[in-house]
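Peer 1: Chain by chain, the residues run as shown.
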Amino acid sequence: MTIYWECLRGIVLREWLRFVQQRSRFFSALVRPLLWLVVFAAGFRAALGIAIIEPYDTYITYETYIVPGLACMILLFNGMQGSLSMVYDREMGSMRVLLTSPLPRSFLLTSKLLATALISLLQVYAFLAIAWFYGVQPPPLGLIVALPALLLVALMLSALGLLLSNGIRQLENFAGVMNFVIFPMFFLSSALYPLWKMREASEWLYWICAINPFTHAVELVRNALYLRLAPTALVVCLGLTLLFSLLAVISFNPQHAALRRAA
Amino acid sequence: MNALEVSDLGFAYGTRRALDGVSFTAAQGRFTALLGPNGAGKSTLIALLTRLYDLQQGQIQIAGFGLRETPRKALARLGVVFQQSTLDLDLTVEQNLRYHAALHGMPRALATERIELELQRQQLGERRRSKVRELNGGHRRRVEIARALLHRPDLLLLDEASAGLDPASRQALNQHVRMLCQEQGMSVLWTTHLLDEVHADDDLLVLNRGRLVAQGSVASVALDGEDLAASFARLTGDATQSAPAPALQRGNPAAPVPILTAPAGAPAKATPAAAHHTNAPHDSGRETS
Numbered sequence: 001m002t003i004y005w006e007c008l009r010g011i012v013l014r015e016w017l018r019f020v021q022q023r024s025r026f027f028s029a030l031v032r033p034l035l036w037l038v039v040f041a042a043g044f045r046a047a048l049g050i051a052i053i054e055p056y057d058t059y060i061t062y063e064t065y066i067v068p069g070l071a072c073m074i075l076l077f078n079g080m081q082g083s084l085s086m087v088y089d090r091e092m093g094s095m096r097v098l099l100t101s102p103l104p105r106s107f108l109l110t111s112k113l114l115a116t117a118l119i120s121l122l123q124v125y126a127f128l129a130i131a132w133f134y135g136v137q138p139p140p141l142g143l144i145v146a147l148p149a150l151l152l153v154a155l156m157l158s159a160l161g162l163l164l165s166n167g168i169r170q171l172e173n174f175a176g177v178m179n180f181v182i183f184p185m186f187f188l189s190s191a192l193y194p195l196w197k198m199r200e201a202s203e204w205l206y207w208i209c210a211i212n213p214f215t216h217a218v219e220l221v222r223n224a225l226y227l228r229l230a231p232t233a234l235v236v237c238l239g240l241t242l243l244f245s246l247l248a249v250i251s252f253n254p255q256h257a258a259l260r261r262a263a
Numbered sequence: 001m002n003a004l005e006v007s008d009l010g011f012a013y014g015t016r017r018a019l020d021g022v023s024f025t026a027a028q029g030r031f032t033a034l035l036g037p038n039g040a041g042k043s044t045l046i047a048l049l050t051r052l053y054d055l056q057q058g059q060i061q062i063a064g065f066g067l068r069e070t071p072r073k074a075l076a077r078l079g080v081v082f083q084q085s086t087l088d089l090d091l092t093v094e095q096n097l098r099y100h101a102a103l104h105g106m107p108r109a110l111a112t113e114r115i116e117l118e119l120q121r122q123q124l125g126e127r128r129r130s131k132v133r134e135l136n137g138g139h140r141r142r143v144e145i146a147r148a149l150l151h152r153p154d155l156l157l158l159d160e161a162s163a164g165l166d167p168a169s170r171q172a173l174n175q176h177v178r179m180l181c182q183e184q185g186m187s188v189l190w191t192t193h194l195l196d197e198v199h200a201d202d203d204l205l206v207l208n209r210g211r212l213v214a215q216g217s218v219a220s221v222a223l224d225g226e227d228l229a230a231s232f233a234r235l236t237g238d239a240t241q242s243a244p245a246p247a248l249q250r251g252n253p254a255a256p257v258p259i260l261t262a263p264a265g266a267p268a269k270a271t272p273a274a275a276h277h278t279n280a281p282h283d284s285g286r287e288t289s
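Residue numbers (full-length UniProt numbering), protein chains in the order written: chain A, 1 to 263; chain B, 1 to 289.
Since the hints were made in silico from the structure, they are not lab data. Watch out, some of these pointers could steer you wrong.
To be verified - To give an idea of the chain A side of the interface with chain B (calculated C-beta under 10 Å), a few residues:
(1) Ile-3
(2) Leu-17
(3) Ser-28
(4) Thr-58
(5) Thr-61
(6) Ser-251
(7) Leu-259
Just so it is clear, CB atoms sit at the ideal spot from N, CA and C, and this is done for glycine as well.
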C-alpha cells in the first residue's frame, strides 16, 4: 500500500506544483464564472424572477441561484481541458513517464483524475469566496458539506472528459467538444434557470435538462451548499462517476490513437 | 541472464506491418546500439518495450521478467529516456526527479538519498533548484538520465536521446552513457540513426523496414574491408549522405565511427563471411542469413 500511497501523493503534489507555477491558469479559470455572476446575472436578475424552490427557504436573488451552477461550470471546463491535455501528453509529453511507471495503468489514471479534481476544487472555493464577498452567502457549514459533493462532481466530469478525449484524434478538436459537449451540457441544465422555468418554455427541453448529468451535478452541489441531500442526484453522480471512470480507463491507450492515425 | 530478450516481436498498424519477427538480446553490462534509418520501426519497438503499446505478437523479457506476464516487475527494471523530452519544464530538476520516484512508489527518504546521488553523478547538484526550462539541451538530457536511473534499472533504454543536441553535447552525452555502462555495469540499449554514435566494441542491431537485418559485434556485421557506413548502407539501402566514409578504426574501440556517409549505391558485394544477418526483408533481395 505504501507504494500506491507514495505514487498518489507524488501525482497530486505534481499537479499542485504545476498549479502554483501557472497562476494565469488559475485566474483565467475564475474570470469566466465571475463574468456570469457579475455581468450576466445583473442583466437577467430582473427578467428571471426566482420563486421559492428547494433547497432555498425563501426568495433568493438570481446571483444566489446561479452560484452552484457556476461552481460546477468551473469543474466542467477544468475536467474537459484537463483530460484533453492528458491526451496531448499521452502521445508526446509527461504522460509517457506516467504510463511507464510499473504501477497499474488504471491506478495511475485514477490518481491523475483525482489530482486534477482536487486542484479544480481550489478554484471552486476561490470562486465561492469571491461570491461570498459579492453577497452570495450560503450557510458556512454548507461550504464544508459541499466539499465531497464538489469532489464527486469533479471526478465525474474529469472522467467524462477523459472518456470523450479518447475518441479525439487531435487537440484542435477541442472546439468541437466546446460546441457539442460543454455548452449543451451547461445550458441544458439547471445551472442558469430552474427546471420548472424550462418546462414553461418547452416540455421536451425540460426532459432533456432533467436527464442531463450536469443537472444532477448542479443539484447535488446546490443542495449540499444549503445542507440538504439530493438522493437522486447523488445516486446518478456516483453511478456515472464509476461508469465514466471505468470506460475511460478501459479505452485509454496510446496505441489506439496510433492505430487510428494509421487507419 | 540477458538484460533484454526480444523474441519474434511483431506489430502492425492496421494492415501496415511496422515490426515483423524481430528477435534479439541485449547482454548484461553491455552497450547495445540499435541502428536504423527513419521509419525502420525503432519508435514502435520502443513503444512496445515501454508498454506504451500492447504486444500483438512475440515476447519481451526485461531482466528475466516477461512484459506480458509480469509487467510491473519488468517495468521496474527498465529506465527510459524518450526521444522527445518528457520533463516538466515548469518544475525544478529536483521536483521532476521526485515525481518520478513517486511513480515508482519509492519512499521519500530513499528518494531523497537517490536523488542526491544521481544529481552528483550527473554533475547537476548545483542545478537542482533550477527550473528545467532554464537548462540547455544537454543538461536536460542529463536530468532525464538521472531520472531514468533513480529506481536502479537493469536496462537503460535511450531512444534517439541525442536528437536535437549540438555535436559537442551529443558526443558528451554518448560518452557519459558509455561511462555509466563501464563503471556501473549498466546495460544500455541506445537507438539512433547516426553512425558516429556507434563504437567499434559495441553490440550492434540493425533494423530496417520493421525487420532486424543484422546483429552482432560491429566487426561481425561488416564484411571484409567494409566500414560501418558501408555495412549500414548495404543492409538498409540508406545511402542518402554523399561524403566518403572513413574506415572503422578497429584497433581503437573507443574511437567513434563517423556519421553515415556511404557513397550512393554502396556495394553489397563482399562475401557472406562473418556477419550475422537476421530477419532480412524477404521483399528486398538484400543479404540474409
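Peer 1: Against this structure, judge whether each hint is valid.
Peer 2: Results for each hint:
no.: 1; hint: Ile-3; in the structure: holds, 3 Å
no.: 2; hint: Leu-17; in the structure: holds, 6 Å
no.: 3; hint: Ser-28; in the structure: violated, 16 Å
no.: 4; hint: Thr-58; in the structure: violated, 47 Å
no.: 5; hint: Thr-61; in the structure: violated, 40 Å
no.: 6; hint: Ser-251; in the structure: violated, 13 Å
no.: 7; hint: Leu-259; in the structure: holds, 6 Å
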